[in-house]
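Engineer: Hey, can you work out the whole structure from these sequences and the hints?
Protein chains: 4
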Amino acid sequence: MPTLVTTEEVMFFDTDAGGVVHNIAYLRFIETCRTRLAGQMGMNMRDMVAAGEVPVVVRTEIDYRRPAVLSDLLEIHGVLESMERARFWCRFEIRRPSDGALLVTSRQALALVNLKSGRAVRLPGAWREQWGGAEGSLTSS
Amino acid sequence: MPTLVTTEEVMFFDTDAGGVVHNIAYLRFIETCRTRLAGQMGMNMRDMVAAGEVPVVVRTEIDYRRPAVLSDLLEIHGVLESMERARFWCRFEIRRPSDGALLVTSRQALALVNLKSGRAVRLPGAWREQWGGAEGSLTSS
Amino acid sequence: MPTLVTTEEVMFFDTDAGGVVHNIAYLRFIETCRTRLAGQMGMNMRDMVAAGEVPVVVRTEIDYRRPAVLSDLLEIHGVLESMERARFWCRFEIRRPSDGALLVTSRQALALVNLKSGRAVRLPGAWREQWGGAEGSLTSS
Amino acid sequence: MPTLVTTEEVMFFDTDAGGVVHNIAYLRFIETCRTRLAGQMGMNMRDMVAAGEVPVVVRTEIDYRRPAVLSDLLEIHGVLESMERARFWCRFEIRRPSDGALLVTSRQALALVNLKSGRAVRLPGAWREQWGGAEGSLTSS
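Chains as they are written, first to last, in the numbering used here: chain A, 1 to 141; chain B, 1 to 141; chain C, 1 to 141; chain D, 1 to 141.
One or more hints might be untrue.
Partial list, computed: chain A residues near chain D (C-beta under 10 Å) [said to hold, decoys possible]: (1) V10; (2) M11; (3) F13; (4) G19; (5) L27; (6) E31; (7) T32; (8) T35; (9) R36; (10) N44; (11) M45; (12) D47; (13) V49; (14) V54; (15) V69; (16) L70.
Think of the hints as simulated: they come from the structure by calculation, not from any bench. Bear in mind that the values here come from a model prediction, so they are computed numbers and not experimental data. Ideal Cβ positions, reconstructed from N, Cα and C, are used throughout, including at glycine.
Structural biologist: Below is the structure:
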């Protein structure tokens, strides 16, 4: 199953007055990883917007285990977990290589939504053929 | 159990090139509601930072049911759902009064974290006495 | 000239690890004020996107004089400063009523951009007739 | 004078319902470039927060010339422009290599602020010695 690792350096705008990375900022890190993972699976976001069908997050589960702080270098590990008829799931782990800490784990379900109707459409048969049988996991977990 | 409704008007910076509100923007709406709900429960964020113990989101579950669009007026309904020994749960619904649509539902678990040690501390006994027995729900659900 | 005051309460996501409001967050506060000021002038953003011509920021000047902190209640004062042939200028001041401090001053130039061509169009004659002669200022300055 | 080029790929969260990158998102791109430029000049943000003196943006000027869109690959060119007694200026250009377009130009003034007093302090003499005499410019301009 497709996997990808992206990296981020924590900026001031990622942090808050508690001195740690704000809970919402991690979701930007995850979106960047997810978008590149989708690109690896053949999805070009600009082309998909032009064609009127884009992958849309329909559910996020995210657990905040340990905080990242300013200037941390982080790795975001993403994997396609499963491909169903109408949605697919991705799994993410955010790790800090400097001390090996696992900071955040997350799962997201995505649907393919028609931008005009606002409704989810069935996923392409080719996706289910290519990725429908397996169950992706992060080697780190 | 404490409940609160806040309102938001969708700005350009809340939307994305898909023409809808971006999935991350709803979490800002929810944080504003949650912060005011916490204020109603007696938590002043500035005082808590000064005292070195702040409520921190440790888990978010969020389901995106229908999209909001630019200029929508939204209501964010928040409720304290339950108070445990080391964490408390809040539940949120984002609704669009103009058509009665339920757009987003979410649950968040929060812990009280000591900013110096980075560790969760036990919740104040007074909180468990006041809110520990009940189960909060949104009248709308 | 049209003027407006909006209010904001500083949330954790507005602050950074320096313990103050992040410089980018003030621009969201200003956008909310500007959008409502535009609404007062007759511009409905959703209708304008549908019609394919929207006001777009073409220049921002912003001075950060004193920092706001978590939980501050802020007032954003906005005024239409001048209406030219191809752009209009707005001026903003962010104030903290609790101590009367002037925290931020800003000017923004906006053009009306055709979303298909990406080009600025001439402003409606009616705007210049209504607001072209005067020079708006904030009573506070 | 220190110069640096960083790169960004435009994500959905950078765009808005007008179909282009939102004006605020470019300021995150610029902050990332500026932070790495500061790192090249010897400033480590985490150490500076710990030491209680951090560089703070006191003025931003930004001109939006042409819009970037979803999936664009952008280059952010940054340079230290001048070093004064109490502030230093950086200049930025955001370019799209695919068509050579110059999208955004910006200047920012920064001061060194003591986090406890909230006041600007004089810049280190070593900085003025090293960079005080020259005037930095972007080779592209």
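Engineer: Does each hint hold? Answer for all of them.
Structural biologist: Right, here's what the structure says about each hint:
1. V10: holds (9 Å)
2. M11: holds (6 Å)
3. F13: This hint holds: F13 (chain A) lies near chain D, its Cβ roughly 6 Å from the closest one there, short of 10 Å.
4. G19: Hint holds; G19 (chain A) Cβ to chain D Cβ min 8 Å, cut 10 Å.
5. L27: holds (9 Å)
6. E31: With a closest approach of 6 Å, the E31 (chain A) hint holds.
7. T32: holds (6 Å)
8. T35: Holds. Min distance 6 Å.
9. R36: For R36 (chain A), the interface hint holds, since the closest Cβ of chain D sits about 8 Å away, which is under 10 Å.
10. N44: holds (7 Å)
11. M45: Holds. Min distance 5 Å.
12. D47: For D47 (chain A), the interface hint holds, since the closest Cβ of chain D sits about 8 Å away, which is under 10 Å.
13. V49: holds (6 Å)
14. V54: holds (8 Å)
15. V69: Hint holds; V69 (chain A) Cβ to chain D Cβ min 7 Å, cut 10 Å.
16. L70: Interface hint status for L70 (chain A): holds (5 Å vs cutoff 10 Å).
Hint check: no violations occur; every hint is consistent with the structure.
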